Amino acid sequence: DTGVSQNPRHKITKRGQNVTFRCDPISEHNRLYWYRQTLGQGPEFLTYFQNEAQLEKSRLLSDRFSAERPKGSFSTLEIQRTEQGDSAMYLCASSSVRGGGGGPKNIQYFGAGTRLSVL
Amino acid sequence: AQKVTQAQTEISVVEKEDVTLDCVYETRDTTYYLFWYKQPPSGELVFLIRRNSFDEQNEISGRYSWNFQKSTSSFNFTITASQVVDSAVYFCALPSYNQGGKLIFGQGTELSVKP
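Heads up: the protein sequence lines correspond to chains S and D, in order.
Last residue of the first sequence: number 1148 in this note's numbering, and the count goes up by one each step with no gaps.
Last residue of the second sequence: number 693 in this note's numbering, and the count goes up by one each step with no gaps.
Derived from the structure by calculation, the hints contain no laboratory data.
What you are looking at is a predicted structure, and each value in this text was computed from that prediction instead of being measured.
Hints may be right or wrong, so weigh each one.
Said to hold, decoys possible - In the BS3-like style, the derived pairs of lysine-lysine whose C-alpha atoms are separated by at most 27 angstroms in a straight line are:
1) S/1040 / S/1100
2) D/581 / S/1134
3) D/616 / S/1134
4) S/1086 / S/1043
5) D/594 / D/616
6) S/1040 / D/616
7) D/692 / D/616
8) D/616 / D/648
9) D/581 / D/616
10) S/1086 / D/616
11) S/1086 / S/1100
12) D/581 / S/1086
13) S/1086 / S/1040
14) S/1134 / D/648
15) D/594 / D/692
16) S/1134 / S/1100
17) D/648 / D/581
18) S/1134 / S/1086
Said to hold, decoys possible - Which residues of chain S face chain D? A partial, calculated answer using Cβ under 7 angstroms:
19) 1071
20) 1072
21) 1084
22) 1085
23) 1139
Each residue gets a CB set at the ideal place from its N, CA and C atoms; glycine is no exception.
Looking at chain S on its own, in the form it has when it is part of the complex (with noise of 0.2 angstroms):
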């Protein structure tokens, strides 16, 4: 397995589109989380799951975007109708809360990350 996998790495979109990224964790690992980075800022939580169950989200996590992780494999998170504001760093990590094949438990394994650019 070669990783946390996330697509597209950038993304280009115009105010008030639809955009979905895609993020494939290492194949062990039962827990997803979605990060949020801006420009010099540290990356803030967005939401998680746990096999196909999201059972958190942040307040940051307005009602545009949406994330499913349908078969409790890979994940997707939506925002509808971008605004200027989204413009900024998706990070996706994978960890597996057994260990084992996945690497030690509970550590946080991330993606390159998809780069969205509002215009």
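Chain S is already provided as a structure; the job is to place chain D on it using the hints.
Chain D only, in chain S's frame:
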């Protein structure tokens, strides 16, 4: 509430100098972990180390070493004989275990190592 503070926004050193990155944290948990991640210009956050609050022994891995002191709530990271490839943003992070282990990150320290 969980909080991580990295007071150094930017550090610039010349290659082969030693450099220490500071991290101060706040938590009400009695047992916790602390993490360091590296973010090179490519953008991917790379896991460096995790330490348990039970273990205050310093850890050394090659040119990297970590000094964990519970008494001062600090978890500092030292790079010995820095190299240009060490140039990156470094983040200290604290998990929130009653919230699924989500990571609370500091603001990051941008390290620039010049040849």
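Check: What hint numbers does the structure not satisfy?
Finding: No numbers; nothing is violated.
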